[in-house]
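Enquirer: Residue numbers (our numbering), protein chains in the order written: chain A, 1 to 289; chain B, 1 to 289.
It is possible that some hints are incorrect.
One copy or two, it doesn't matter: identical chains are merged, so the pair holds either way.
[To be verified] Okay, derived cross-link-like pairs now, SDA-like style, lysine to any residue, Cα gap no bigger than 20 Å in a straight line:
{"no.": "1", "residue 1": "LYS226", "residue 2": "HIS265"}
{"no.": "2", "residue 1": "LYS15", "residue 2": "PRO165"}
{"no.": "3", "residue 1": "LYS250", "residue 2": "LEU180"}
{"no.": "4", "residue 1": "LYS109", "residue 2": "PRO98"}
{"no.": "5", "residue 1": "LYS289", "residue 2": "GLU99"}
{"no.": "6", "residue 1": "LYS250", "residue 2": "SER102"}
Note that these hints are calculated values from the structure, not bench results.
2 protein chains.
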Amino acid sequence: MKIIRTITEIKEQLKKANGKSVGFVPTMGFLHEGHLSLVNKAREESDIVVMSIFVNPLQFGPNEDFERYPRNEEHDSTVAKESGVDLLFIPSVETMYPEEVSLELKVTKGTDVLCGRSRQGHFDGVATVLTKLFHIVEPDKTYFGLKDAQQFSVVHTLISQLNFPIELVGLPTVREDDGLAKSSRNVYLSQQERAESTILYKSLQLGKKLITEGNRDSDAIVNEVKQYINKNTDAIIDYVELLSYPTLDKLDKIDEQIILAIAVHYQKARLIDNIILDPNGTQIDTIIK
Amino acid sequence: MKIIRTITEIKEQLKKANGKSVGFVPTMGFLHEGHLSLVNKAREESDIVVMSIFVNPLQFGPNEDFERYPRNEEHDSTVAKESGVDLLFIPSVETMYPEEVSLELKVTKGTDVLCGRSRQGHFDGVATVLTKLFHIVEPDKTYFGLKDAQQFSVVHTLISQLNFPIELVGLPTVREDDGLAKSSRNVYLSQQERAESTILYKSLQLGKKLITEGNRDSDAIVNEVKQYINKNTDAIIDYVELLSYPTLDKLDKIDEQIILAIAVHYQKARLIDNIILDPNGTQIDTIIK
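Please put together the full structure from these sequences, using the hints given.
Expert: So this is what it looks like as C-alpha cells:
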C-alpha cells in the first residue's frame, strides 16, 4: 500500500493503472469495521482500491467538532493496509483547498430534514469535497455506508443529477454485537452512555415491528419510537423522523420505501442511526445506483 | 459527423474511442466563426472533436431571452460538419434535466461584477451545465472564446477549484472586418445599430492606448471609454469596467493583468466585448490553464 499526500502523485499513480478498474472509499479516517466492509466490497469488485482520509472543514459548522474530530493516522494506515487498500490518499487541508473557496456545490432539496436541519451547509460541504475527490481519483465505483443515509441520498443526487460517470454502492451499517452502529464518534461515550446507547437500534427495531404489523401511520410510529428512547436513556433526542427514501419527503401514510432515522445527543457525542424499509417493513440494507 | 441526442448514445460513441484524445467545444448553437475557431483548434489538438449545442435554461433569468435565443439546427449541423466536428451532441432540455434540479453549482466570488451583476444566478447555471457536460463527454481539453471573459474566468475557477481533469483553452475573440465581435445576438441589430456597434471595439482600443501611453488610473480610463461610447452611439451602457484578470477584483492602479470590459444595450440586443491586457497595455488573446 502506498500512502500519498499530494494530488499530483495520486494522479500519477492512477495514470499508471490505466485501464484497470478503480474502487474508491472516501472516509474521514478513524477507521472501524464499517469502513472496512466498504473496502472489502471494493476489493472484490475492483482492480485498484483507493481510500481517502480527509476531515473536510467545509462540512463542519462553526460550533461543530472539526478540531476535535478523532484522528489516528498510524492506526488507520495499518488497518487500511491489512484490509487491502492499494492507495491511501491523505491530503492536507491546504492541498485540498489551496485558495479561498469561491465555488461550491449547493444541495437545494432534502436538506431541511434529518441531520441537514441542525447541520446547515453540511451537505454542501460534503458534495463539494466529494466532487473534488471524484475528479482526482476518477473511480469506476464508489462505496458508502448506509448508516449516513441522508449523505447517501445526497451522493446519489450528486452523481445522478451531475452525470458523474461513477457507480454508487451503499452497504449495510456495521454494528457492534449489541446493535450499536459502528461510528468514529462512539469513542466519546462514557461507560454508562455506551450501555444505554443500545437503545438506538432497539428503538428502530420497534418502529420496524410496528410497520410489519401493519401500522402505516408515520406520526404514530415516530411517537412510539420517541417515547421508547426517552424511557430508556438520558440522551436528548435531536430528531426521530420517518421519510420517503431516498427522496426524503414527509409521508402521512407509509406506501413507499422509507427511512426511519434517529439522532440523539450524549454528553460529548451526537449519534445517528437508521433503517431503510420497504412499505411492508422488510429491511433494505444494500443499494446500488 | 454523427448527430447525437441522448446521453446514453454519446457515452457509447465516446467509449468506442477509448484511449483517443477528446477535444470538447460546448456551445449554445447559432454558430459563427468564433465557435469555428474553437473547433479548428480542437481539431488540431485532439483525435475526436465533440461539440455540444444546448441552450441551457438554468443560465437564463426569468426576464432574459431564453425563449427567443436564436436557434438554427440545420445551419449549425452543416457548419459543424464542414469544420470537422466528429460528434455533435444536441440534447433536449428534458434529456439534460429529467427531474427537478435539487443540486447546483454556486459561484460565490467574481459574480458581482460585469455581466454577473445584472445576470443573477447566470454563472451558477453555466457552471452547473458545464459540470454535467464535462461528466458526460469526459474531454481531455475544452475550448472557450475569450469574448465571454467572465465566463472563461468562472470556467477556470470551476475546473481548478473542483479539480476537473481537463485542460482549459481560451481563444481570441473573432471579429468582423470592422472590429465588431462575432456573436449569435448580432442578428438582432438594426442596420443603424450595426453601423454604430463598431464603436465598442474602438472604445476598447482607446482604453488600451491610454494604458500603453502610461495611464494607470482605472477610474480615469473607464470614464474616458464611457464618454467615447456615449458620444458615438445611442446604445445604453450597461457597464464599462476595468478589473484584475482572471480574479476580477477592483483595481485603483493598474499593476497586474487586467480586463477592460463593456456591455451595452441596443433595442433588441445586449452586446458585450472586452480586451485583456498586461500592465503595459499589451493584448493577451490566448490563455491556457
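Enquirer: Please go over all the hints and tell whether each is borne out by the structure.
Expert: Each hint, compared with the structure:
Taking CA atoms no more than 20 Å apart as the test, LYS226 paired with HIS265 passes inside one copy only; the shortest distance there is 13 Å, against 61 Å between copies. For the identical chains of this complex, LYS15 and PRO165 are neighbours both inside a copy (17 Å) and across copies (12 Å), given an alpha-carbon limit of 20 Å. In the homo-oligomer, the alpha carbons of LYS250 and LEU180 never lie at most 20 Å apart, since the shortest distance is 26 Å inside one protomer and 55 Å across protomers. In this assembly of identical chains, the alpha carbons of LYS109 and PRO98 lie at most 20 Å apart only when taken from different copies (16 Å versus 29 Å within one copy).
Taking the closest pair of Cα atoms, LYS289 and GLU99 come within 20 Å of each other only across two copies (16 Å); inside a single copy the shortest separation is 34 Å, beyond that limit. In this assembly of identical chains, the alpha carbons of LYS250 and SER102 lie at most 20 Å apart only when taken from different copies (16 Å versus 33 Å within one copy).
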